[in-house]
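Chemist: Read off the chains here:
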Amino acid sequence: MTGYVWLIPVFPLIGFLINGLFGKRLSRKTIGVIASGAILFSFLLACVIFFQMNSSVELSEKGIRNVLFPWIHIGDFSVNFGYLFDRLSGSMTLMVAGVSFLIHVYSIGYMAEEEGYWRYFAYLNLFVFMMLTLVLADNLLLMFVGWEGVGLCSYLLIGFYYTTEVASDAGKKAFIVNRVGDFGFMLGMFFLFTLFGSLEFQHIREAVISAGLKPEHGMGLITLATVLLFLGATGKSAQIPLYVWLPDAMAGPTPVSALIHAATMVTSGVYMIVKLNYVFQLAPITMLTIAWIGGLTALFAATIGTVQNDIKKVLAYSTVSQLGYMFLALGVGAFIAGFFHILTHAFFKALLFLGSGSVIHAMHHAFHHAGIHDKDPQDIRNMGGLKKYMPKTYWTFLVATLAIAGFPPFAGFFSKDEILWKTFASSHRVLWAIGAFAAILTSFYMFRLVYLTFFGEFRGSKREEEALHESPSVMTFPLIALAVLSVIGGWIGFPHIFKLPNVLEQYLEPVIENTGGIHFLHNSALEWGLMDVSILCAIAGWLFARTLYAGKSDVPGKLAKTFSYFYSILLNKYYVDEIYFALIIRPVKKIGDFCWLFIDTIIIDGTVNLVAYLARCFGRIYSLYQNGAVKVYALTMLGGILVLFWIFF
Amino acid sequence: MVGMLDYAILSAVLFTVGVVGILIRRNIITIFMCIELMLNSVNLLFVAFSRYMGHVDGQIFVFFIFAIAAAEAAVGLALVVAYFKLKETIEVDEIKLLKG
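Here the protein sequences line up with chains A and B, keeping their order.
Per my numbering, the very first residue in the first sequence carries number 1; after that it's consecutive.
Per my numbering, the very first residue in the second sequence carries number 1; after that it's consecutive.
Here chain A stands alone, though its shape is the one from the complex (with noise of 0.2 Å):
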C-alpha cells in the first residue's frame, strides 16, 4: 500500500467532483453518505498507511514517498508533484482525516434543514482535499497549493449563508487578512529557495544538516525567511497582528467552524514551523518573536474571551487564544509539546464547537417553535438551564471544558503542562506567567460559558421551553467519539515526571533537528510545582466562574458597572478592528479614491478620450472632403499618382 499515499487526498476530492457535479440532482441522503465516505476511505487508508510505515524501520525513518509527476522544471529549479507520508505528517494526517469524518457526519444532522445541501458537502470534501495536500506535501510549494486551497474552502464556507451581509463581509475579510500572510509566506519561500536551492523539505533538512549550520553563524537570510514564514503562520493562525479574521469566521456554519477554524485549517501554521523547525532553530531571533506573539496573544485572546456573550465568539478567542498557546510552544523550541498541543486541542475544540452548534441548533427550534425570529440564537444570555434537555450535549461539552481548562487527566492538561513547563524550563520566565495568567483566565471564560449555557433557569418563555430537544443521535455520536478523545488524546505524552512513556515524544524525535542547540531545565521537584500551579491556575479560574455565574448573582453586572471602562474595552475586542479600520483600510481606501477619481479618471481616461477625441476632430475635417462627388476622387487619385511619378521618376 505504500504506493497509495496520493490516494488519502484524493478521495475527498472525488467526494467533491462527484457532489459538485451532480449534488443538485443527488438525495440528501446520498449526499451525506458520499461526503463522509470520501473521508472514512481516507481516514481507513491513512490507518492502514500509517501502521505499514511503523512496521518497517527504513519506511518510518524516511517515510513513504510518492511522486506522482515532475511539476515544474525550469533551469536548476524544479518541484515535483509529490506527498511524503512521514511520522509528523502521518500523524497529522490521522488526526485531520478523523476528526474531518466526525465532524462530516455530524453535519448530516446539523446542516439537514438548510438550502444548499450539496454545495456545503462539496466545499467540506474540497477543504479536505487541499487540508490533506498540505499536510502531505513534500515541498513547500506543493504545501503552498494546499494551503491557499484551504484559504479558499474557508472564504467559500464563511461565506455559505452569501445572502447575508455578515457572512460574505467575514468571508471577504478572511480571505483579504490572509493574503498578508500569504505574501510573506511567498517570500519566504523565495528566500529559503535562494539559500538552499530547493523547495523540498528533505532537501533544505540535508543542506541544514550537511552545511552544520548553527544560530552562531548569524544568517541574516535566515532570520529574514523565517520571520516571513512566521508572517504565513500568523495569517492562517490567527496570530496578533493579523487573527482578525477567525472571530468574525464564526459568521459559516458551525461544523465549519469545528473543522476549520479550531481543528485543521488555522492549525497549519503551526504545523509548517514544526515542519521547517531545523530551519526556524537557526534563527534566535524568529523564534523570540515567534515565543512573544504566542504568549501575547494567548493572554489577549483570552481576556477578550472572559466577556463576549456569543457562544461562538468565546469559543472563537478560545482557539485564538490556544493556538497562542502553539506558538508559545514553538518558540521556546518545544517543536514536539506545540504539535502535541495541535492534537489535544483539535479535539476538544472541535467538541466544543459542536457541542455549541448543538445547542444552537436547539435554541433555533425552540425560538422557531415560538415564532420568535428576532433573536439570536447564539447568544448566551437568552440560554441557560439546558443541562436537564441536552444531557448528552452537556457531559461531552463539560468533558471538552474540562479539557482545555487544564484539568487531569483530561487531554488539555498534558498538552498545556507540557509547554508552561518547556517555556519555564527555557528560562522564559516572564512567558510562563503569561501563559499561566492566560491558563487562569480560559478556565474562567469556558466555566463562564458552561454555567451561563447549561446551569440556572432557562432565560426565554415557555413557549420556546417546551421545544427544547437534544439533538439526533446523527449529532451526537461525534460528540461521544470526540469526548473520549478529549478524555484519553492527552496520554500519548505524559510528562517524564510521571514515569509513563511519552508516545509521542518517542515516536516525533527523530522529526525534529537540534540545529539551535535548544537546552531544556531538567528539574522534576520544580516540574511538579509548576504543575501543581497550573492545576491551581485552572481550579481558580473555575471557582472564580463558579462564584459569579453559578447561582443567580449580580455580582457580574456590579463588576461590569465598576470597571465600566475595562469592561467596555473588552467587549469591543480592544477596538482592534476600529483601529485597524482607522490606521489601514481608510488609508488605504483613501489611496484607492485618489487613483480611482484622480489618477484613473482624470489622468488615465482623460487621455484616452482626448486621443479619442483628436481622432473625431480630425474624422470631422476631413469627412468635409468625402462629399460623395466620384469626380472629385477621381481627380484626387490622378493627383496621387501624379505625385508618385514626380518623386519616383
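For the record, the hints were derived by calculation from the structure and aren't laboratory data.
Since this is a predicted model, take the numbers as computed values, not measurements.
It is possible that some hints are incorrect.
[As the list claims (entries may be wrong)] No farther apart than 20 Å at their CA atoms in a straight line, the calculated lysine to aspartate or glutamate pairs in the EDC-like style are these:
1) Lys631/A / Glu36/B
2) Lys631/A / Glu91/B
3) Lys631/A / Glu94/B
[Claimed, not checked] Derived Cβ-Cβ restraints for the label pairs, each shown as a range:
4) Gln626/A / Met53/B: 37 to 47 Å
5) Arg51/B / Tyr633/A: 28 to 38 Å
6) Met1/B / Leu644/A: 30 to 40 Å
7) Asn627/A / Met53/B: 40 to 50 Å
We put the CB at the ideal spot given by N, CA and C, even for glycine.
Since chain A is already given, all that's left is putting chain B on it; use the hints.
Modeler: Below, chain B alone, put in the same frame as chain A:
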C-alpha cells in the same frame, strides 16, 4: 516604319483622353467608355512591347485584361440600368448619396 515610340505616344494620348474624359464628362456611360479607352491604351502598349521585346507574355496579359474588362462592363452596365430604374438619372453629379 511605325516605331515603338509611336505606339507609346499613341497609347499615352489615348490614356490621357480617357482620364480627361472621366474628369469632365457627367454621363456615366461616357465615363465608362473612357475607362475602356484607358484599358485599351494599356493593352496597346502591352502588345507593342510584347512585339518589341519578343516576349509573348504581354499578349497573354492583354487577353486577361479583355476578359476582366468584359466582366466589368457587364456588371457596370447592369448597375447603371438598375440605378436608372430607381432614380431616373445617370448624371454622376447627382449621384452623391454616399458621403461623410
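Chemist: State for each hint whether it applies.
Modeler: To see whether the hints hold, each was checked on the structure:
For the proposed pair Lys631/A and Glu36/B, the alpha carbon gap of about 17 Å is at most 20 Å, so the pair holds. As the CA atoms of Lys631/A and Glu91/B are separated by approximately 11 Å, the hinted pair is consistent with the 20 Å bound. The suggested pairing of Lys631/A with Glu94/B holds, with an alpha-carbon distance near 11 Å, which does not exceed 20 Å. Between Gln626/A and Met53/B the Cβ separation comes to about 43 Å, which falls inside the hinted range of 37 to 47 Å.
Between Arg51/B and Tyr633/A, the C-beta spacing of about 36 Å keeps the proposed range 28 to 38 Å intact. Between Met1/B and Leu644/A the Cβ separation comes to about 34 Å, which falls inside the hinted range of 30 to 40 Å. For Asn627/A and Met53/B, the Cβ-Cβ distance of about 44 Å falls inside the hinted range of 40 to 50 Å, so the restraint holds.
In the structure shown, no violation is registered for any of the earlier numbered hints.
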